[in-house]
Amino acid sequence: MEYFCQQLINGLALGSIYGLIAIGYTMVYGIVGMINFAHGDIFMVGAFIALIAFLGLVAIGVTAIPLALFLVLLIAMAISALYGQVVERIAYRPLRHSFRLAPLISAIGMSIILQNYVQVAQGARVKPLPPLIQGGYTLLESESFPVQVSNVQIIIVVTTVVLMAIFSWLVANTRLGRDMRACEQDLKMAALVGVDTDRTISLTFVVGAALAAVAGLMYLLYYGVIDFFIGFVAGVKAFTAAVLGGIGSLPGAMLGGLLIGLIETFWSAYFSIEYKDVAAFSVLVIVLIFLPTGILGRPEIEKV
Amino acid sequence: MSQALEIPSRPAIDLFGALKSGALAAIVAFGLFSLLIGVRTDQGPTGALQIEPRLIALGVICAVAFVGGFARALLAGERLDFASYVPEQIKVAAAQVGRYFGLALLAFALIEPVIFYNNRYILDLGILVLTYVMLGWGLNIVVGLAGLLDLGYVAFYAVGAYSYALLATSFGWSFWICLPIAGFLAACWGVMLGFPVLRLRGDYLAIVTLAFGEIIRLVLLNWQSLTGGPNGVSGIPRPSFFGIPFADEENGFAATFGLEYSPTHRVVFLYYLILALALVTNWVTLRLRRLPIGRAWEALREDEIACRSLGINTTTTKLTAFAMGAMFGGIAGSFFATRQGFISPESFTFSESALVLAIVVLGGMGSQLGVAVAAFAMLGAFELFREFSQYRMLVFGLAMVLIMIWRPRGLVATRTPSVFLGKFKEVPAEAVAEARQ
Amino acid sequence: MSASADPILNVEHLSMHFGGLIAVDDLSFAAQRGHITALIGPNGAGKTTVFNCITGFYHPSVGMIRLAHADGTTYLLERLLDFRIAKLARVARTFQNIRLFAGMTVLENLLVAQHNPLMRASGLTVLGLLGLSVYRHAESAAIDKAKFWLDRVGLIRRADDPAGDLPYGEQRRVEIARAMCTDPVLLCLDEPAAGLNPRESAELNELLLGMRAEHKTSILLIEHDMSVVMGISDRVVVLDYGVKIFDGTAADVRNDPKVIAAYLGVEDEEVEQVEAEVGL
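Sequences listed follow chains C, D and Y, in order.
Every letter in the first sequence is one number past the one before it in our numbering, and letter 208, counting from 1, is 210.
Every letter in the second sequence is one number past the one before it in our numbering, and letter 282, counting from 1, is 698.
Every letter in the third sequence is one number past the one before it in our numbering, and letter 193, counting from 1, is 1168.
Don't read these hints as lab results, they were simulated from the structure.
Quick reminder that beta carbons are idealized off the backbone N, C-alpha and C, glycines included.
It is possible that part of the hints are untrue.
[Said to hold, decoys possible] Result set (DMTMM-like, lysine to aspartate or glutamate): computed pairs, CA atoms no more than 20 angstroms apart in a straight line:
1. Y:1191 / Y:1001
2. C:278 / D:762
3. Y:1062 / Y:1145
4. Y:1062 / D:762
5. Y:1122 / Y:1158
[What the hints assert, rightly or not] Computed beta-carbon distance windows for the label pairs:
6. Y:1202 / D:731: 37 to 45 angstroms
7. Y:1111 / D:593: 29 to 37 angstroms
8. Y:1202 / D:612: 44 to 52 angstroms
9. Y:996 / C:142: 45 to 53 angstroms
[Said to hold, decoys possible] Sample of chain Y residues at the chain D side, in silico, Cβ under 7 angstroms:
10. 1058
11. 1062
12. 1076
13. 1082
14. 1083
15. 1088
16. 1090
17. 1100
18. 1101
19. 1104
With the hints as constraints, model all of the structure from the sequences given.
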């Protein structure tokens, strides 16, 4: 029982990270109808930027951890947002009216570029970081297995909740959010009624990238080690989360993320840790075959 | 007479605007690369990360960005149409040559081992290129003809390789028996993997096939008892010349044919073997294109609903495409296993699927010749960059993006109809649908 | 018109719901063999939905659709998959937004239509792969049939052109020719005259009348162009908001008050009266 509770907590923390990445996938797919294959690698870039920014801040003397982390968060979000914008401009916008396969290949190419760029720039070895946030709370005292929640996990979940709240407010109440929803429904019509679709699409990528950067920082704090390849697997899992929750739905992305985090954690804990990625990929296959609209998605009827 | 018509003068070169563009590009570059390139992290002696500034690299990149932005802004007014600089006669001559290009390439492929007999490196490169040509032709059936986005093609390559390896090492059967069995098993996998994804389209199909490819790789990696896990399968028997081994023995190939023994014999045999396999793939594909199944594949790519309204069972059509593509992938995998003598899951990553897909898309339009040229170009380029192995993949990714922006439909500009009444007319690229479904 | 009723298509109590939206509400009608039956009504009346139910692209919520061949075999279309309806029941259709294989030539389009007999002749591809003559003969017979239909629609000289290159009116004719290459007993045409000028509409009328006379094909068509509907229909069924409001001859339909109300509306003073008549 205690073991179960612990895994539950772990799963929710991991799921929050996936949820943040999934939001980027779901927003982009909702608006431009393409899977941004490079999104997972933006997450990886965000993690690296967070790492380097942190080391840099420490080097110039900012040693107070909360302040440093806050600055790192801002820097990582800003620079990742820039990456998101540049990737969209270079690799996707020229192909927006082209054929279906072209942006997909371009995205795969972009993913390869990002992975290898980081590999060349920073080396192929893993990058470790000593745990910055220590300690936690024991929720359940027990002889066999105390249930603990660490401070990192609390920070992850709280940050995620806050960001989700801000973002939901943004989508529901601001002009940008309204433009996004309009573009998602009907891109051509939105353009015709005066929405700047190019800018809206760019901003969608930008916001998605910023959230992925937060996820990257969280990942860095949680696991303490990153390398240039974490984007690939995390990307597929986050996309699975987006589909599971219902593509195009923001709460769906978060819900899907939590579910995938829980599935992965419980699978590792109770069955086999080597096959945990297989479990996540299998969920993707199963969801797309049996429930392609996801849990919170809207069913699509095709006009014949 | 021409007083009424005023020819507008060219706008003056906007130097200041170009400078602004350059500056903007440099600033963006700085933002992007300041941390990742400007700072280098490495593990120090204690194991903790240490950082070092790399300002020169950063400066160079920003300078390049500045120049690039500047130049692009300057040239923005001009439409650089390189084609217009080529004189007409050369274009006509090029078109003529184009028709015989395929034959020329085939002739070259046939005599390549003879020319480069002493250059083991070139022979190996030839074998590598032909393997990817065959893979490209196999995937071409699925992606190019039927329009099904398959990002997990490496799975069939792996199934073929492992089937062959396990059959050969466990039962000791000869290459010629194991090869068709491996192909058949791969085809079965093709049907199994194709069956659940029939209703999916476009990007969804792509990512599910990618997931399948990864699942298979992970299973191969972890199922130690069957596949040997990360150690793979070794000691795979090499092929023989229809029973005569390529060994330095009395009944070996060299002795039987009165030649002096040389390890090159086996390599040359392998070369002609893969060439033959690839040519069979090509021949089968070309014939199938003119049979109802091939036309159904292409019609499926164009409009699935119209196909169904004509009574075509799109389920079996899709499954046949998967099965055929998988079979050829599996046969190529078997060849790979026997050529290497050793296989491990490392050879079957997603990058392989991406590479083969890039070859098919670059070739364009389901064109066989295009795929062959694309394979040759991509792998040739890979080899050229061998020294810069770190940058190789980076350049590959860059090439993928640039090619999509420049020529999204691939090298070949037209589609060849499979049957015609009177005049033979090529279908222009823009008309052909691709992988919309 | 024959005195005895010989319906080829019997639609009984067909309803189609999309969630809360009722697109077709308890529709029943019959199309006689060898007749041209027109399905008309204002936009949004549910006509294409009915077609999609008949041809298997939608699964009807309620109802029965029975197709009877001349030799007596009947098919329950509401239970068959779309391609089986085309293949077994031999119902062909065209689409409101033309669905040609744009990247293939016109001739290839018509050969794809003959996929099933050609597949049989090629022995599920195996015999064809081996180059046996049985397939070659079948293919040239198929090409001849394609040539015949292209000739009938007047497009033989465009046989090798990419289908996507043809002007709109010609694409519509290719679609009809392609549908006829499947040797259907019932041909469903979704707005075949859309975008055609009066001369082309008249040619279409001739084509359809000829098909009925020579090939005994029964035709069910959705149309807005009244010159086509009045010119060739043996029977007219009018839909409005998914409900059948008229089922009779072309001559009677133009005077029916409900039909007029549906298309043109009524004077303000008459609204209540018409509503009562129509049954709202």
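Status of the hints after comparison with the structure:
1. Y:1191 / Y:1001: 30 angstroms, violated
2. C:278 / D:762: Measuring from Cα to Cα gives roughly 19 angstroms; hence the hint holds.
3. Y:1062 / Y:1145: Answer violated: residue 1062 of chain Y to residue 1145 of chain Y is near 26 angstroms, above 20 angstroms.
4. Y:1062 / D:762: Answer violated: residue 1062 of chain Y to residue 762 of chain D is near 47 angstroms, above 20 angstroms.
5. Y:1122 / Y:1158: 14 angstroms, holds
6. Y:1202 / D:731: 37 to 45 angstroms: Holds, at about 42 angstroms.
7. Y:1111 / D:593: 29 to 37 angstroms: 34 angstroms, holds
8. Y:1202 / D:612: 44 to 52 angstroms: Between residue 1202 of chain Y and residue 612 of chain D, where Cβ atoms are some 50 angstroms apart, the hint holds.
9. Y:996 / C:142: 45 to 53 angstroms: For residue 996 of chain Y and residue 142 of chain C the Cβ distance comes to about 52 angstroms; the hint holds.
10. 1058: 4 angstroms, holds
11. 1062: Constraint on residue 1062 of chain Y satisfied, holds at 4 angstroms.
12. 1076: 4 angstroms, holds
13. 1082: At about 6 angstroms, which falls below the 7 angstroms cut-off, the nearest Cβ of chain D leaves the hint on residue 1082 of chain Y intact, so it holds.
14. 1083: Hint on residue 1083 of chain Y: holds, closest Cβ of chain D at ~6 angstroms, below 7 angstroms.
15. 1088: 5 angstroms, holds
16. 1090: 5 angstroms, holds
17. 1100: 5 angstroms, holds
18. 1101: With Cβ-Cβ at 10 angstroms, over 7 angstroms, it is violated.
19. 1104: 6 angstroms, holds
Hint check: violations occur at hints 1, 3, 4, 18; the rest are consistent with the structure.
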